[in-house]
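Trainee: Construct the complete structure from the given sequences, taking the supplied hints into account.
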Amino acid sequence: MFFALLILENVYTRKVRTLLTGFTIAVTIMTVVAMGILTHSLRETAVSILRTGTADFTIAQEHVTDVLNSSIDQNDLQVIQQDPDVKSAVGILVEPWRLDDDHPFFLRIGMAPEDTEPFGVTLVVGRLYAADSSNELILGYRAARDLDKRVGDRLVVGNVDYEVVGIYSTGQVFGDAASMMSLVGLQAQVRKPGTITLAFVQVAEGADIEAVRARIEAALPQLATIRTESDFGRVDRNLELLKAANTGVSALALVIGAANVLNMMSLSVFERTREFGVLRSVGWSRIRILIYVLAEAFIVTLAGAAAGVALGFGVVHFLQDVPTLRGVFTPTFSSDVFTRALSITFGMAIIGALYPALRAALLRPLTAIRHE
Amino acid sequence: MNDQPAPAIETRHLTKIFQDSHVRAVDGVSLEIGAGEWVALTGPSGSGKSTLLHLLAALDEPTSGDILVNGRNLKSYGNLNHYRSHDVGLIFQLHNLLPNLNALQNVRIAMVGTGVGRRESATRAAELLASVGLAARTKLRPPALSGGERQRVAIARALANGPSILLADEPTGSLDAAAAESVMELFNRIRGERNLTILLVTHDPLVAACADRIIHMRDGRLIDEADATPAARNLVPPWKRAGSQGAI
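Chains as they are written, first to last, in the numbering used here: chain F, 1 to 372; chain Y, 1001 to 1248.
Check each hint, because a few of them may be wrong.
Just a few of them, taken from the derived set where beta-carbon distance is under 8 Å, the chain Y residues facing chain F [stated by the list, open to error]:
id, residue
1, 1081
2, 1084
3, 1093
4, 1104
5, 1108
6, 1112
7, 1121
Worth flagging that the hints you see were computed from the coordinates, not collected in a lab. Values in this document were obtained by computation on a predicted structure and should not be read as measured data. Glycine included, each C-beta is placed from N, C-alpha and C at the ideal position.
Mentor: Printed below as a string of C-alpha cells:
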C-alpha cells in the first residue's frame, strides 16, 4: 500500500512533466478513438445498405473505389434470376445528390415498387410511388424528419420537383436517411438506362448459398458477391483504404506515445539515479525498482488514455454535426475501438518505460548513489 | 570447540582493485570487529576507508577475499537485498534522503518489501523519528530540515529494520561542530539501547575519538595504531566531558 502511495507521490510531485506527457498521450489516444469510431461507423453504415432486406447476399461490381460507383447491367440481373437456386434478385440504382450544405450526400434509391417489401422497406405512412413515375418519391423517416417533410409535401432534387407520397422505414441508418423512387424514372433522369448499382439475391430454401455465389461469380466475373463484412473490401476500396489508414494511425500513435513515455521516463530515471541507488542500498530488489518505474509510467499513460477516450468521444460528437458527414455517419461505439485504444495504451507504457525501468533496475547501487 | 561468539564483522584478505584505474583501493585487509563495538575508520583521502565500508555494506563487490558478518560469509547470500535491508544500516555523508518524501516516508521506504505492514511501518517510523528527537518534524520534507535533522532522519532510516550493524560513511562530514557533536551523542545512545556494532568512517579526530577503537588505513591497508596521528587518542567524546548530560 505504501509502495503504491510512493508511486502516486512521484507522479504528483512531477506535475508539469506528468501533465505534458499525459496530454500528449491523451491527444494520441483521442486520435485513435475518433479515427476508430469514424472508420467503424462509416463501415457499418456502408455495410448496412448491403444487408438491407431479407437477401442472402448482395452483388456489386468488383474493385470499384466506392460501392456506390458500382454499375451492373440489368441484363446481368436476368442471368442471376435464371439460376435455378435463386428465389429472387432485386436490383436497385443508388444515386447521391447534394441537396444543400446540410445534406451533401442525399441518396435517391431507384427500385421497382413491388421489390420494396422483399428489400425490407416498411411503409410507415402514405403510399408507394407508381412503377413508371418520374416525380413521386417516398422518404425515409430520418430524411423526412430532417427535411421537415410530410406526405403531400414537395421536394426538389436535381431539376425534378418530386411529390412526397409516403414515409418508410428500413431499420438501417443509411436507408432511413434516403429517398426511394421508381427505378425506371431514376434511370431516365440520371441517364443510366438499364443500369443498377446493386442486386440483392435470395436463394431458394435448402439451396447451397456458397454454390450459388460461386456460379454467379463464374458466370459474371466482373461482379462480386458479398455475404460477410469481410467480403466488403472487394467492392469498396475507399473503406479498405480508410481501414488501412486507421491501422496506420494506430501504429503511429503507438510510436508517438511510446516515444513520449520513453522520453519522460528516461529523463525521470536519469534525474533520480541517486534515488534508485539509495533504494537499492536500503534493500529494494531490482524487480521492485522495475515495478516502481513501470507503474509510474502506467499511471501517467492510463490517466492520459482515459482523458484521450473522453476527448475522442467529444471529437466524434463534433464530427457527427459536420455537414459532409451528416446522415452518412452515425457513431457506433464498437468494443474493438476501445480494445485497440487500451492495447495501444499498454503498448505505449511497456515499450516506452521498459528501457528506462530496466536501466534503473540494473544500476549498480554505488554508482547510482555517487551520481551527480 | 570454540565457544567464543563470531565477530560482528570480519574480513579476510579483502581486496578491491578498480578495473578501470587498476588502483588497489583495499589491499588485503583482514580485521575483526566485535559485537557491540564502536570502531572508527580513519585515514587520508584515497586511503580506501569508504571503499572498505561500501564492500561491507554490499554496495560493491570485492575483487578477492571474504567478508563475514555475524559469522556468515556474504558469498553465501543468494540475495543481498535482505542483507542490505536487515543486517546492516547504512548512513551516508550527504544523508541521501528522497527530497519529495517527508521524514516519515523517508524512514518507511526502508521497510518496503520487507513484509512489514502499512500500519506497523508507519508506527515504527514515527517511533524511530521520535527516538532521534524528531517527533515533531515527521511531516517535513528534507529541504525544510536542518543538516543535523536530515542526518537524524537518515539514522532512523538505517535503523528501520533493526540491523545489528551500523555502517556510517562520514556521517558528520557535512555538519557544523554542534550538529556533529549532537549526532555522535545520538550514535552513542542508540548503540547502548540496541547493542549496535558501529563502523564509522571519518576524517574528524573528534568524531573518531568517540569510538572504542580507531583503525587507520593508508594506501588500502590497515596500519598500526602507533603509526597513526596521535591527535585522536587525546580527545574526549562529548558525553565524557564534565557537565555533559549524555543525552540529546
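Trainee: Give a verdict on every hint.
Mentor: Structure-based check of each hint:
For the restraint placing residue 1081 of chain Y at the interface with chain F, the shortest Cβ-Cβ distance is roughly 5 Å, inside the 8 Å limit, so the hint holds. Annotation: interface hint on residue 1084 of chain Y holds; nearest CB of chain F at approximately 4 Å, less than 8 Å. This hint is violated: residue 1093 of chain Y has a C-beta 11 Å from the nearest C-beta of chain F, more than the 8 Å allowed. The beta carbon of residue 1104 of chain Y comes no nearer than 10 Å to any beta carbon in chain F, farther than 8 Å, and the hint placing it at the interface is violated.
Interface restraint check for residue 1108 of chain Y: the shortest CB-CB distance to chain F comes to about 6 Å, inside 8 Å, so the restraint holds. Given hint, residue 1112 of chain Y at the interface with chain F, holds; its Cβ is 5 Å from that chain's nearest Cβ, closer than 8 Å. Below 8 Å, beta-carbon pairs count as interface contacts, and residue 1121 of chain Y has one with chain F at about 6 Å; its hint therefore holds.
Of the hints listed earlier, those the structure fails to meet are numbers 3 and 4, in rising order.
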